[in-house]
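Novice: Chain order of the listed sequences is C and Z. In terms of this note's numbering, the first sequence opens at residue 1 and continues consecutively. In terms of this note's numbering, the second sequence opens at residue 1 and continues consecutively.
Just so you know, not all the hints are guaranteed correct.
Claimed, not checked - Every beta carbon over 12 Å from chain C, so not counted as near; a handful from chain Z, in silico: (1) ARG44; (2) PRO46; (3) ALA133.
Claimed, not checked - The calculated BS3-like cross-link candidates involving lysine-lysine, where the alpha carbons are at most 25 Å apart (straight line), are: (4) Z:LYS138 to C:LYS247; (5) Z:LYS238 to C:LYS144; (6) Z:LYS238 to C:LYS143; (7) C:LYS247 to C:LYS143; (8) C:LYS144 to C:LYS247; (9) Z:LYS12 to Z:LYS138.
Hints were generated in silico from the structure; no laboratory data involved. Quick caveat, the model's predicted, so the values are computed rather than measured. By construction, the Cβ of each residue, glycine as well, lies at the ideal position given by its N, Cα and C atoms.
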Amino acid sequence: MIALADASAFAPGPPRAATPGPRTRRRHAAVLPGFGTTAAITSLVVLALIVFPLAVLVLRAASLGPAGFLAAAWTPRARAAYAVSLSASVIAAAMSSILGLLVAWVLARVSFPGRRILDALVDVPLALPTAVAGLVYSALYVKKGWLGQWLVPLGIQAAYSYLGIVLVLVFVSLPFAIRVVQPVIESLDRDTEEAARILGASRSQTFWRVVLPAILPAVVTGFALSLARALGEYGSVVFISGNMPFKTEIAPVLIVARLEEFAYAEATTVAVLLLAMSLALLVIVNTLQQRLARNAQ
Amino acid sequence: MIHTRPSTDHSKPLTALLVAGAFGVVGLLIVVPLVNVFYEAFARGPGAWWEALVHDPDTRHAIWLSLTVAPVAVAINTLFGIAAAWLVARFRFPGRSLLISFFDVPFSVSPVVAGLALVLIFGRQGLLGPTLAWLDWKIIFAWPGLVLATTFVTLPLVVRELIPVMEAIGPEEELAAVSLGASGWQVFWRVTLPNIRWALLHGIVLANARAMGEFGAVYVVSGHIAGATDTMPLRVEKLFQEYRQPASMAVASVLAGLALVTLVAKFVIERRLEAESRDLAANRSQTDSLDHTKVEGAVA
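Next comes chain Z alone, as it looks inside the complex:
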């Protein structure tokens, strides 16, 4: 982010009022709830907190399940994100902008609607229900359904990070590598990946946070069977419904801690990204005399 010089035009009291207002909004809506999670979770001491997490086998299983679902969804997203960004940022073809707008669909579709759509395909009454029953495969109310639902809701996160960065970098280095005889994989591993590594990590961190925390889509496809298909957010809800508020808050505090770690990681990565885009801009202005527009024109 570019931060402009602070204004001198504002009168002091008005500025102070506006700043106080902004702190009020963020404080009341964001900070107070965040502090409250940890306060409630640790209200009975760290011992009770630990016990709530570890001594309940269903909670233990939920933590384990979240740790196995999220990485798979993130891995699929990473693969898809790299492939889709390469396609969209390096080639021009009919239907390209339509394809890009499809990437955004999971952002705007309600997770519940997405979950329902998966149930209509893979559920017992669904389109592929009889086939799956015959094969004895379980997707809905089972691990694969959780992975599918999580992948759907996180799908735009990696590709959305990569496209602008790849477009800003441009294809010159890759074209140079190809012209020097590098294979596609060599270009990717030695040129593209080092260039996009921070953007990719940024996308992965965001996708992981969303995957660990996803509720709506997963709620619909999981059947919330305790000790079997409850992920951590679903466990939070179930404990809440069972009037076990302290245990619910304990699980919630783990998720909130994860969110804070994510934000710190995001902050660090964003500073790297800013530094790299500054370097890129500096290099650009130096090499502007080179006729790279011609190369770009050949690809674009």
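If we strip away everything but chain C, and leave its shape as in the complex, we get:
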């Protein structure tokens, strides 16, 4: 417990820095050993690696004062970057949710040759480094690329454009959208659907009125997870977006650009806004997932 006390003294004091670790030991905890040791290791790592750095970031931004914060965080270039980040992420998360629903449905409901391979391929974006994804996407969609040679003559410029940002964000977020929805479809009670069909509902009525309401919480959770992933993405986007300020510069790219100019105030304030959005999404996702777990029971 001494280590715990030390660790909490280590953290500065914004509201989020409140010691998450245990303070009171319940009598039955003595039954299994290891409470003190694991609590000390866990709190030390969480405080030192998560709470402390993020608290320093927030405090550094707060030290600018409200006026200074606004001046640094609300420049025209920063506003443009938020707009690009938010709009591209929302579009990408929506596309991932729709395409993900299709893939999840097929994987959960249909048996066909190659189903296992398709299922395994869905995880590729989780394992493939984002830098590799960005590099190969930009190579695919340039004029000489495999897909660009067809698309560029049609006037579709995906490399070094806004469209490219959306494409890589769909790539990185797709597994999240699929893996949240897939188990829910698998666990759906088929009898309800059959009953709807027997009672005369058409296939599309059954889908919209019976299936969709049942899987909607999972789809929304997948959307929120995809959005969180897309908002923070950096590695793949730098390769394909061209990073033009006011046009194709996303917020994380702006943070890095400001940091490299040693403009710490601007980098920090933009980062704090991005952090606030991520944490809000995390809370939303956690609430949704708890509801999903309750529904499953």
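Given the coordinates of chain C, assemble chain Z onto it according to the supplied hints.
Specialist: Just chain Z now, kept in the frame of chain C:
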């Protein structure tokens, strides 16, 4: 994963259309890029590919650096993951659910933001900057910074795998071992570890893949000094910026190969995990007559 019986309700053409659509989505978004990496990397033959990897000292160093950073980050994660899962799955205490939600923070925070936070602490202008300068320790733009950034982004991966498995197994066997006089370490090595070994391996494999491939957080703290602080993904970017596409693709193909190996390992481990959870369920239904709820109640 539980696979339900295929539907007979769908009309054949619609089902075929949906399956074709799913193959189209995965093919266009995932398979084509994956094939393209290897195609571009080997377009000039395996000789050129090998040369691009081995003859450039900066690329060689980047491979070496990735191989030294990732295992350290994974080791820290393994230790933390086991300790945190033991704490959360075996004890109930105030603040427990708050602590669990903290585990997820690195998933949702942008890696760039995490890297910046580390710079604000350890950088020259940072909170501990003067102290570190006085001690002559370098963290930012050096190996320790790379390890810290990589550890941050991979932190949830091991613990997230272990918690559900440990909760599903329950504390009965460990309680039995303790009541028979086993020490904490004996319980861990002989009871807990054998039970969670596949879940732990699963987490380690995922953490390693993420650690080898991490870009954003590492980009911010590395200063990307060629031959010094460039990891493999950073080297991919630098070669790309220098218009050396074939060399960039060669390094990328190694990372992509690693990703494929990871997926195969993940697939194999997941089948083991499924088999074990089936065994567990079977054992449960047999021993349900035993009053294990009482034991659980004493701990939970």
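Novice: Verify the proposed pairing of Z:LYS12 with Z:LYS138, using a straight-line Cα cut of 25 Å.
Specialist: 64 Å, violated
Novice: Holds or violated: are the alpha carbons of Z:LYS238 and C:LYS143 at most 25 Å from each other?
Specialist: Measuring from Cα to Cα gives roughly 22 Å; hence the hint holds.
Novice: Verify that the Cβ of Z:PRO46 lies farther than 12 Å from every Cβ atom of chain C, and report whether the claim holds or is violated.
Specialist: 19 Å, holds
Novice: Quick one, are Z:LYS238 and C:LYS144 close enough, alpha carbons at most 25 Å?
Specialist: Holds. Z:LYS238 to C:LYS144 sits at ~21 Å (cutoff 25 Å).
Novice: Could you check that no beta carbon of chain C comes within 12 Å of the beta carbon of Z:ALA133?
Specialist: 17 Å, holds
Novice: Does C:LYS247 pair with C:LYS143 here, judged by a C-alpha cut-off of 25 Å?
Specialist: 21 Å, holds
Novice: Quick one, are C:LYS144 and C:LYS247 close enough, alpha carbons at most 25 Å?
Specialist: Holds: C:LYS144 and C:LYS247 sit about 24 Å apart, inside 25 Å.
Novice: Would the least Cβ to Cβ distance between Z:ARG44 and chain C come out above 12 Å?
Specialist: 15 Å, holds
Novice: With a cut-off of 25 Å on the C-alpha distance, tell me whether Z:LYS138 and C:LYS247 pass.
Specialist: 37 Å, violated
The structure fails to meet hints 4 and 9 from the earlier list, while all remaining hints are met.
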